[in-house]
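Based on the hints, put chain B in the right spot on chain A.
2 protein chains.
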Amino acid sequence: MYEIAINLEGKTKKNLYEQIYEHIKKEIQKGDLKCGEQLLSTRLLARQLDVSRSTAQLAYEQLLSEGYIEAVPCKGYFVCEMEDLYDLKTDAAEVQKEEETIPTDCRYDFTPNGIDLDHFPYAAWRKLSREVLKDDQRDLFHLGNPKGEASLRSAISAYLHQARGVKVQPSQVIIGAGNDYLQMLLSRMLGTDHRIAMESPTYRHAYEIFKRLGYDCCTVSMDRQGMNVQELRESGADIAYVMPSHQYPMGVVMPVKRRQEILQWASEKEGRYIIEDDYDSEFRYVGKPIPSLQGNDTNQKVIYIGTFSKSIAPSIRISYLVLPAPLMRRYEQVGRNFSCTVSRTDQKMLELFMERGYFERHLNKMRALYKNKHDLLLAGVRQLHGVKGILGERSGVHILLKMEKSRSEEEWIARALIEEVRVYPLSEYCIDHNPRDPVLILGYATMGLKEIPAALERLQTAWN
Amino acid sequence: MYEIAINLEGKTKKNLYEQIYEHIKKEIQKGDLKCGEQLLSTRLLARQLDVSRSTAQLAYEQLLSEGYIEAVPCKGYFVCEMEDLYDLKTDAAEVQKEEETIPTDCRYDFTPNGIDLDHFPYAAWRKLSREVLKDDQRDLFHLGNPKGEASLRSAISAYLHQARGVKVQPSQVIIGAGNDYLQMLLSRMLGTDHRIAMESPTYRHAYEIFKRLGYDCCTVSMDRQGMNVQELRESGADIAYVMPSHQYPMGVVMPVKRRQEILQWASEKEGRYIIEDDYDSEFRYVGKPIPSLQGNDTNQKVIYIGTFSKSIAPSIRISYLVLPAPLMRRYEQVGRNFSCTVSRTDQKMLELFMERGYFERHLNKMRALYKNKHDLLLAGVRQLHGVKGILGERSGVHILLKMEKSRSEEEWIARALIEEVRVYPLSEYCIDHNPRDPVLILGYATMGLKEIPAALERLQTAWN
Numbered sequence: 368m369y370e371i372a373i374n375l376e377g378k379t380k381k382n383l384y385e386q387i388y389e390h391i392k393k394e395i396q397k398g399d400l401k402c403g404e405q406l407l408s409t410r411l412l413a414r415q416l417d418v419s420r421s422t423a424q425l426a427y428e429q430l431l432s433e434g435y436i437e438a439v440p441c442k443g444y445f446v447c448e449m450e451d452l453y454d455l456k457t458d459a460a461e462v463q464k465e466e467e468t469i470p471t472d473c474r475y476d477f478t479p480n481g482i483d484l485d486h487f488p489y490a491a492w493r494k495l496s497r498e499v500l501k502d503d504q505r506d507l508f509h510l511g512n513p514k515g516e517a518s519l520r521s522a523i524s525a526y527l528h529q530a531r532g533v534k535v536q537p538s539q540v541i542i543g544a545g546n547d548y549l550q551m552l553l554s555r556m557l558g559t560d561h562r563i564a565m566e567s568p569t570y571r572h573a574y575e576i577f578k579r580l581g582y583d584c585c586t587v588s589m590d591r592q593g594m595n596v597q598e599l600r601e602s603g604a605d606i607a608y609v610m611p612s613h614q615y616p617m618g619v620v621m622p623v624k625r626r627q628e629i630l631q632w633a634s635e636k637e638g639r640y641i642i643e644d645d646y647d648s649e650f651r652y653v654g655k656p657i658p659s660l661q662g663n664d665t666n667q668k669v670i671y672i673g674t675f676s677k678s679i680a681p682s683i684r685i686s687y688l689v690l691p692a693p694l695m696r697r698y699e700q701v702g703r704n705f706s707c708t709v710s711r712t713d714q715k716m717l718e719l720f721m722e723r724g725y726f727e728r729h730l731n732k733m734r735a736l737y738k739n740k741h742d743l744l745l746a747g748v749r750q751l752h753g754v755k756g757i758l759g760e761r762s763g764v765h766i767l768l769k770m771e772k773s774r775s776e777e778e779w780i781a782r783a784l785i786e787e788v789r790v791y792p793l794s795e796y797c798i799d800h801n802p803r804d805p806v807l808i809l810g811y812a813t814m815g816l817k818e819i820p821a822a823l824e825r826l827q828t829a830w831n
Numbered sequence: 368m369y370e371i372a373i374n375l376e377g378k379t380k381k382n383l384y385e386q387i388y389e390h391i392k393k394e395i396q397k398g399d400l401k402c403g404e405q406l407l408s409t410r411l412l413a414r415q416l417d418v419s420r421s422t423a424q425l426a427y428e429q430l431l432s433e434g435y436i437e438a439v440p441c442k443g444y445f446v447c448e449m450e451d452l453y454d455l456k457t458d459a460a461e462v463q464k465e466e467e468t469i470p471t472d473c474r475y476d477f478t479p480n481g482i483d484l485d486h487f488p489y490a491a492w493r494k495l496s497r498e499v500l501k502d503d504q505r506d507l508f509h510l511g512n513p514k515g516e517a518s519l520r521s522a523i524s525a526y527l528h529q530a531r532g533v534k535v536q537p538s539q540v541i542i543g544a545g546n547d548y549l550q551m552l553l554s555r556m557l558g559t560d561h562r563i564a565m566e567s568p569t570y571r572h573a574y575e576i577f578k579r580l581g582y583d584c585c586t587v588s589m590d591r592q593g594m595n596v597q598e599l600r601e602s603g604a605d606i607a608y609v610m611p612s613h614q615y616p617m618g619v620v621m622p623v624k625r626r627q628e629i630l631q632w633a634s635e636k637e638g639r640y641i642i643e644d645d646y647d648s649e650f651r652y653v654g655k656p657i658p659s660l661q662g663n664d665t666n667q668k669v670i671y672i673g674t675f676s677k678s679i680a681p682s683i684r685i686s687y688l689v690l691p692a693p694l695m696r697r698y699e700q701v702g703r704n705f706s707c708t709v710s711r712t713d714q715k716m717l718e719l720f721m722e723r724g725y726f727e728r729h730l731n732k733m734r735a736l737y738k739n740k741h742d743l744l745l746a747g748v749r750q751l752h753g754v755k756g757i758l759g760e761r762s763g764v765h766i767l768l769k770m771e772k773s774r775s776e777e778e779w780i781a782r783a784l785i786e787e788v789r790v791y792p793l794s795e796y797c798i799d800h801n802p803r804d805p806v807l808i809l810g811y812a813t814m815g816l817k818e819i820p821a822a823l824e825r826l827q828t829a830w831n
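Residue numbers (my numbering), protein chains in the order written: chain A, 368 to 831; chain B, 368 to 831.
No wet-lab data here; the hints were simulated from the structure. What you are looking at is a predicted structure, and each value in this text was computed from that prediction instead of being measured. Among the hints, erroneous ones may be present.
To be verified - Listed next, the in silico EDC-like pairs over lysine to aspartate or glutamate satisfying Cα-Cα at most 16 Å (straight line):
no., chain 1, residue 1, chain 2, residue 2
1, A, K655, B, E389
2, A, K655, B, E428
3, B, K624, A, E437
4, B, K740, B, D476
5, A, K732, A, D485
6, B, K397, B, E448
7, B, K655, A, E389
8, A, K677, A, D483
9, B, K624, A, E448
10, B, K501, A, D485
11, A, K655, B, E385
12, B, K442, B, E404
13, A, K494, B, D502
14, B, K494, A, E498
15, B, K655, A, E385
16, A, K578, B, E699
17, B, K636, B, D605
18, B, K655, A, E428
19, A, K624, B, E437
20, B, K578, A, E699
21, A, K769, A, D804
22, B, K677, B, D483
23, B, K494, A, D502
24, A, K501, B, D485
25, A, K494, B, E498
As the list claims (entries may be wrong) - Sample of chain B residues at the chain A side, in silico, Cβ under 8 Å:
no., residue
26, L484
27, Y489
28, L500
29, G545
30, D547
31, Y548
32, V623
33, R684
34, S706
Backbone N, C-alpha and C define an ideal beta-carbon position, used for all residues, glycine too.
Same shape as in the complex, but just chain A (with noise of 0.2 Å):
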């Protein structure tokens, strides 16, 4: 009969019974306690300890739901059969705050990515926040619809409907936390088993997220009017992923004539899909926005991608797909069972952003500030030394510079560096690697009115 020697500590955030069960634990971890060997009865280490027999019986409970000691009846508690088999160490590592990586700031940083928070629309935010983490909205904390709430999809097929031109019905639209997502989503309904054609230069964010899914991923080359279908064609290619509105980073709009060469490329066999990434057709700063491909598609081959990152902000993590009538039967068969990745609450924000009219006003806004950004920045750069040519203009929020051959892109970067102005080599973009002219990347989103003309009249003196 083993007898237990423990000091137990009154001054302590442990319960006593919590005490005598981590003593005993240890104990048998450590092989001082052996199996088969019989343990005092709760009454007798009760009186023992000097604790009540209930405590006793605590710190018992608690080593028999853990396998450490069983009960056998009208006999007592015996130590588990445990055998050397494994050695369970159980101190655990101390937490450490991780140290954020920070990334080196620029005085002036025409990043392509990030958007104008500035003007982000945080009282209307706040505002249907309350709203809807009401109590009596309750049924909101319940699991959703896997593809995302029937309200949002309907706001968002409608607006799609009306701004897009996109054919769109609710039910044809999965909702999503992020574009990596909701391709690694459709990588589950079309398999793997496949090559799909990007241009370069390109999104480059996807076509990692694309070979990383396992998916062979080639390049085709572009020119003024987008993909070079010929070279599609020829590459064996069976889905194309393209921007047909604003292709990044190049700012190509496609024709229709492509158009139609694109589609009927996809027409002509079972199988072939066209990816549309319609991921910013919001800013266009003359005329009306370039309808989407997806509306002109007759045969069911377009997947329309978009997402609310460009037009509300990247954090709020709301993507969307809409099916082709094939997929459709795929994502029943075999997406169904994922979950939604995004919060109801959230979901219902967004819808009600969009239904009260506060999105709609927020992309006017966000257009007419982007235009004035963009008139500014393209009025400047003209002037500067070493540009020959600009490129992508009129919508979005960045442009394209070609710079003059006696100079590297390297070289234009270093330069404006040594100003503080930081601005992008295209070559980041190019997935094949052949030799270009030096084109520069400035993006304006983050770029405040007031910095423009500062930024650029540095880089005039960087490039002289």
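Chain B alone, transformed into the frame defined by chain A:
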């Protein structure tokens, strides 16, 4: 030279330029305006239609942008070559509101899914939301760390270390929008060329997700200590998915010896892993919580997955992985590209909820509440006719009733339904189809304290 015949309407939502643009576009699409045909100059068009020249200019610019016409310097505007390749249809379908299927209601529903939302801390949540959505928290609207916010990962690590004995550094924690998503992400790190062994009965949803992700899944029988390790060895599986603290749905706690055996199995061969799903360990009504298996792992073999779905609300959509070192390296290679699926504002709210003690208080409150329901239900079901035994009590939010074989599961359930009480069959969770004695599942999380006695009375009637 093509002359335009169009009735411009002043009283419409569309601008004049849009009406002109759409008219010409339709003419081109119908083939009435043919390839190569010259259009009126903007000056003549403006005069003919009695609009300003800039209106005509805008219409042409839109047609140019979309590729319907081209401008030939010094000559004018011409219709582009449009092959009859692909029939462009543009009439978008009308957007219809989608009908949601509403689950048929039952007066008393012992669903094992769902949580008690009557006691959700709405006020605290609203307060934190107001704080997080302040204008000066602008940083939160930028894209965040792909793993999730460092501060939230620290808070989760501290919690797991203290409450679950998990050995964890914040850098090992990956935050994601729900378990389904994290299983998907994990499949990127592990690859899908594995056989996953699960118990039967098990958490069927996880099983389905692994199947959908392309895994070869097999089942291994379980006894009162959990997964049968001998069968696991024979199964050829290299990944074992277990719930050692509280197996779902059987409620088995894996004792320490079985834990040793399964850890031993994993350590015997490179590439073997144990996935520990610790979905509801917070709710245990006798003694301390059962420590995690991960805390006993000395060989970097356990992938720990946890969620706030049960402890806060299913709609929160925040789960987390704790990865062992080899998979952290894989994450850096193949997982880092995927942006975090939880919005930063939601992450910040949860972080504050944990750091300010709301989470602990909420858990204590819910534990006490669930314990009351548990005790009430347990006392009542013992008296019911047909109940041979009770399993899985003392923790979680459901119990199992072993029923007499005189009736099948379906019969016991059907009789309860007549009295408007819904109880659930264990067989739904069985992946293999071994014949079993009838076992019913009764969840009590969503049941009110007053409803339980009323429902029990009806079950008494139903099963007599």
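Right, here's what the structure says about each hint:
As the CA atoms of K655 (chain A) and E389 (chain B) are separated by approximately 11 Å, the hinted pair is consistent with the 16 Å bound. The hinted pair formed by K655 (chain A) and E428 (chain B) meets the criterion: a straight-line CA distance of about 10 Å does not exceed 16 Å. At most 16 Å may separate the alpha-carbon atoms for a hinted pair to count; K624 (chain B) and E437 (chain A) meet this at roughly 12 Å. For the hint linking K740 (chain B) to D476 (chain B), the alpha-carbon distance of about 14 Å falls within 16 Å, and the restraint holds.
Of the pairs offered as hints, the one joining K732 (chain A) and D485 (chain A) holds, with about 12 Å between alpha carbons and a cut-off of 16 Å not exceeded. About 14 Å separates the Cα atoms of K397 (chain B) and E448 (chain B), which keeps this hinted pair within 16 Å; it holds. Pair hint K655 (chain B) plus E389 (chain A) holds up; C-alpha atoms about 11 Å apart against a cutoff of 16 Å. In summary, the hint linking K677 (chain A) to D483 (chain A) is supported, as the alpha carbons are separated by about 9 Å, within the 16 Å threshold.
For the proposed pair K624 (chain B) and E448 (chain A), the alpha carbon gap of about 8 Å is at most 16 Å, so the pair holds. Under the criterion of a C-alpha separation no larger than 16 Å, the hint pairing K501 (chain B) with D485 (chain A) is consistent with the structure, at around 12 Å. Restraint check: the Cα-Cα separation between K655 (chain A) and E385 (chain B) comes to about 8 Å, which is no more than 16 Å; the hinted pair holds. Restraint check: the Cα-Cα separation between K442 (chain B) and E404 (chain B) comes to about 12 Å, which is no more than 16 Å; the hinted pair holds.
Pair hint K494 (chain A) plus D502 (chain B) holds up; C-alpha atoms about 13 Å apart against a cutoff of 16 Å. For the hint linking K494 (chain B) to E498 (chain A), the alpha-carbon distance of about 12 Å falls within 16 Å, and the restraint holds. Using a Cα cut-off of 16 Å, the hinted pair K655 (chain B) and E385 (chain A) holds, with the two alpha carbons roughly 8 Å apart. At roughly 15 Å between alpha-carbon atoms, K578 (chain A) and E699 (chain B) fall within 16 Å of each other, so this suggested pair holds.
Distance check on the hinted pair: K636 (chain B) and D605 (chain B) sit about 9 Å apart at the alpha-carbon level, within 16 Å; holds. At roughly 10 Å between alpha-carbon atoms, K655 (chain B) and E428 (chain A) fall within 16 Å of each other, so this suggested pair holds. About 12 Å separates the Cα atoms of K624 (chain A) and E437 (chain B), which keeps this hinted pair within 16 Å; it holds. Among the hinted pairs, K578 (chain B) with E699 (chain A) is consistent with the structure: their alpha-carbon atoms are about 15 Å apart, no more than 16 Å.
For the proposed pair K769 (chain A) and D804 (chain A), the alpha carbon gap of about 7 Å is at most 16 Å, so the pair holds. Of the pairs offered as hints, the one joining K677 (chain B) and D483 (chain B) holds, with about 9 Å between alpha carbons and a cut-off of 16 Å not exceeded. Our distance criterion of 16 Å between C-alpha atoms is met by K494 (chain B) and D502 (chain A), whose separation comes to about 13 Å. Straight-line distance between C-alpha atoms of K501 (chain A) and D485 (chain B) comes to about 12 Å, which keeps the hinted pair within the 16 Å bound.
As the CA atoms of K494 (chain A) and E498 (chain B) are separated by approximately 12 Å, the hinted pair is consistent with the 16 Å bound. Against a cut-off of 8 Å between C-beta atoms, the interface hint on L484 (chain B) holds, since the closest Cβ of chain A lies about 5 Å away. Hint status for Y489 (chain B): holds, given a least beta-carbon distance of 5 Å to chain A, under 8 Å. Interface hint at L500 (chain B): satisfied, since its Cβ lies 5 Å from the closest Cβ of chain A, which is below the 8 Å cut-off.
Because the smallest distance between the Cβ of G545 (chain B) and any Cβ of chain A comes to about 5 Å, under 8 Å, the interface hint for this residue holds. With 8 Å as the threshold, the beta carbon of D547 (chain B) comes within range of chain A, its nearest partner Cβ sitting at about 5 Å, so the hint holds. For the restraint placing Y548 (chain B) at the interface with chain A, the shortest Cβ-Cβ distance is roughly 5 Å, inside the 8 Å limit, so the hint holds. Restraint check, V623 (chain B) versus chain A: the minimum CB separation of about 4 Å is within 8 Å; hint holds.
With a least beta-carbon distance of about 4 Å to chain A, the hint placing R684 (chain B) at the interface is held under the 8 Å criterion. Here the hint on S706 (chain B) is kept, as its CB sits about 5 Å from the closest CB of chain A, short of 8 Å.
Comparing the model with each earlier hint shows no violations; every hint is respected.
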